[in-house]
Amino acid sequence: MDTVVLENISKSYIKNAPPALENVSFSVKKGELFGLIGPDGAGKSTIFRILTTLLLSDAGKATVAGYDVVKDFHQIRSCVGYMPGKFSLYQDLTVEENLNFFATLFGTTISENYALIKDIYEQSAPFKNRRAGKLSGGMKQKLALSCALVHRPEVLFLDEPTTGVDAVSRQEFWDMLKRLKNEGITIVVSTPYMDEASLCERIALIQTGHILSIDTPDNIVAAYPGKLYALRAPKVHLLLPDTRRYAGIRQCYAAGEKLHIAFKEDGKDHPAALLTYLKSKGHQTVAIEEIRPDIEDCFIEKLSNPQ
Amino acid sequence: MKQFMVFVRKEFYHVFRDRRTLLILFGLPIMQILLFGYALTTEIKNAEIIVVDHAGDAASQQLTTMITASKYFDINSSTASDQDIYKAFKQGKVKCAVVFPTGFGNDLLNGQVAQLQVIADASDPNTAKTLTNYITAIVADYQQQVNPTANIPMRIEPVTRMLYNPELNGSMNFVPGVMALVLMIICTTLTSVSIVREKEMGTMEILLVSPFKPVYVVLAKAVPYLALAMVDFVIILILSVLALEMPVRGNLVLLFFESTLFIISCLSLGLLISSVTRSQQTAMMVSMMGMMLPTILFTGFIFPLENMPLPLQLISNLLPSRWFYVIVKAVMLKGLGIGVVWKETLVLAGMTLVLLTISIKSFKTRLS
Chain G
1 MDTVVLENIS
11 KSYIKNAPPA
21 LENVSFSVKK
31 GELFGLIGPD
41 GAGKSTIFRI
51 LTTLLLSDAG
61 KATVAGYDVV
71 KDFHQIRSCV
81 GYMPGKFSLY
91 QDLTVEENLN
101 FFATLFGTTI
111 SENYALIKDI
121 YEQSAPFKNR
131 RAGKLSGGMK
141 QKLALSCALV
151 HRPEVLFLDE
161 PTTGVDAVSR
171 QEFWDMLKRL
181 KNEGITIVVS
191 TPYMDEASLC
201 ERIALIQTGH
211 ILSIDTPDNI
221 VAAYPGKLYA
231 LRAPKVHLLL
241 PDTRRYAGIR
251 QCYAAGEKLH
261 IAFKEDGKDH
271 PAALLTYLKS
281 KGHQTVAIEE
291 IRPDIEDCFI
301 EKLSNPQ
Chain R
1 MKQFMVFVRK
11 EFYHVFRDRR
21 TLLILFGLPI
31 MQILLFGYAL
41 TTEIKNAEII
51 VVDHAGDAAS
61 QQLTTMITAS
71 KYFDINSSTA
81 SDQDIYKAFK
91 QGKVKCAVVF
101 PTGFGNDLLN
111 GQVAQLQVIA
121 DASDPNTAKT
131 LTNYITAIVA
141 DYQQQVNPTA
151 NIPMRIEPVT
161 RMLYNPELNG
171 SMNFVPGVMA
181 LVLMIICTTL
191 TSVSIVREKE
201 MGTMEILLVS
211 PFKPVYVVLA
221 KAVPYLALAM
231 VDFVIILILS
241 VLALEMPVRG
251 NLVLLFFEST
261 LFIISCLSLG
271 LLISSVTRSQ
281 QTAMMVSMMG
291 MMLPTILFTG
301 FIFPLENMPL
311 PLQLISNLLP
321 SRWFYVIVKA
331 VMLKGLGIGV
341 VWKETLVLAG
351 MTLVLLTISI
361 KSFKTRLS
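So the sequence lines, in the order shown, correspond to chains G and R. Each residue of the first sequence is one higher than the last, beginning at 1 in full-length UniProt numbering. Each residue of the second sequence is one higher than the last, beginning at 1 in full-length UniProt numbering.
To be clear, the hints were calculated from the coordinates, so they are not data collected in a lab. Mixed in with the good hints, there may be bad ones.
Claimed, not checked - Once the Cα atoms are required to be at most 25 Å apart in a straight line, the calculated BS3-like pairs of lysine-lysine come out as:
1) G/Lys128 with R/Lys129
2) R/Lys334 with G/Lys71
3) R/Lys199 with G/Lys86
4) R/Lys45 with R/Lys129
5) G/Lys15 with R/Lys199
Model, not experiment: these values are computed from the prediction.
Construct all of the structure, not just a fragment, from the sequences and the given hints.
Structure (structure tokens):
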């Protein structure tokens, strides 16, 4: 049996309003690093709260480590680690006091599972007498992860652990997750950053309470329909309206310094025809090249063409 | 058990690292006791008074001296004329005036009825009544001195004795009430705010997703505040004995037992407030405002409950502080034992039990 299973979970906070989750089903295998990828408000936190027994779903069934989230909530609370989206440690307690508190709360000690948190905790050791509220964003998240790990949970739920964290700390954080996965801990992690999706083994793309697709990042990218091109020009924002008006365009959106475009049907002449068209509109220096789509492109594609 | 102790220790860290909490915890009781003990009293001391002496004889001067000598009056002017009286009243300079008519001393010595006029500013009726009573008492005193053997036929002389508080010390009435008020506010505010803070900060989510049972969260929150409230109680007690000269005539152990009961009932109220509020500010408002006013109104230490309309009296019965007040007065001032206050104690214990049960039951094991 899979470690985390959701079957047709629905949840709405306000009656008659669009539900926060509708018929969400997925399962996470033992020892897997599973990502929930979606923008703010997609329903990621609601899923975490249902799985950690903090919220009751309106419909559907879910189990964590074989326990039912409604009936066996006591057992689940002992065997999972949870890191909420908001920094949720005691800001007026020092690093060491926080870790000690949560270790004792979970009926263990820091030294018992020190091997597991060693890498993470040692980085914050120089600050162990500093109040948690005074740490930097990256340090805070590392401490929060240590606290969620200190009792060696079977399943680790991390709700947007890298939001508001600098690029270097984010990379370090994901390296830690990989090491934890190798320790046999099942990890469910959510992130609004599409570039982090490829670091997961399998991902679920989620939007307004619906799962758009579930697969490995590679398979999701491979399933991208047709080819994707990037347009480069000195003033991309001027290019966008004209390109959108071109008849053969299926997708066109800004991605950083470039425009990503896909044509309605693939054909060799399309790129050249588009360039000619753009030249006629007064855009002289435009370059086009085929690129490999990333998760974000797939996400946008799924949004406009939900199966 | 170890988990419980660590949780309690954490609560103490929170308290001692937050200046605001410390201020409420230790500043508030000291301030309130001193405020109610010294500043807010119904006694009138050193009221300004005018004396108009048309008699100018030995008797009138002796009486004037007696009035001046009492701690209640300060003579504003003893050489005023009749016109000055109304001027002084209009300017609000004086609260009271005494007028001796010509021949006051003669009338007194010749066995006739000697009259003197007492005028008071009755725009504040209570003050006016109190001042005229003081003057009447001084006059009666003087009469006794001048003619102790006056043989007035069929005279009734009431001899009053002020039990438990012969000096009519106003703080005697206030202090037990302020004790109830302070403990009520501190316990409800601090417990409710400390739980709601965990909700607001998001730490409640982690606490709930742990093997630590929610009911222990409630208890672990209550224990530190019970201890701190007991410390407060001791501070108030010491202050009122040393600074306000309050007696502690009854059994100290009984007093502590009753206070513990009352504190637990207030803590339960705080826990209840925390489970229905979401932000620290609302929790603070509800426990400060929502608790302070009923406690002041319905405990009986400022407004006598006996004079209230029946519905209000019934409402007052619902307040734990009302019963605690009666108990503290009985034990502290009258030195009575459990044999006399068992009924109030039973009511208080019952309320505590009900409140505690409700608050533990209403604590949510999930979010919302």
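request  = Given the hint that R/Lys334 pairs with G/Lys71, test it: the Cα-Cα distance must not exceed 25 Å.
outcome  = Since the Cα atoms of R/Lys334 and G/Lys71 sit roughly 57 Å apart, the hinted pair is violated (cutoff 25 Å).
ask   = Can the restraint linking G/Lys128 and R/Lys129 be considered satisfied, given a maximum Cα separation of 25 Å?
value = violated (69 Å)
message = What's the verdict on R/Lys199 and G/Lys86, does the C-alpha distance respect the 25 Å limit or exceed it?
response = holds (12 Å)
message = Just to be careful, I want the Cα atoms of G/Lys15 and R/Lys199 compared with a cutoff of 25 Å; is the pair within it?
response = holds (24 Å)
message = Checking one constraint from the list: CA of R/Lys45 to CA of R/Lys129, max 25 Å. Satisfied?
response = Given that 25 Å is the threshold and the Cα spacing comes to 14 Å, the pair holds.
Checked against the numbered hints above, the structure breaks hints 1, 2 and satisfies the rest.
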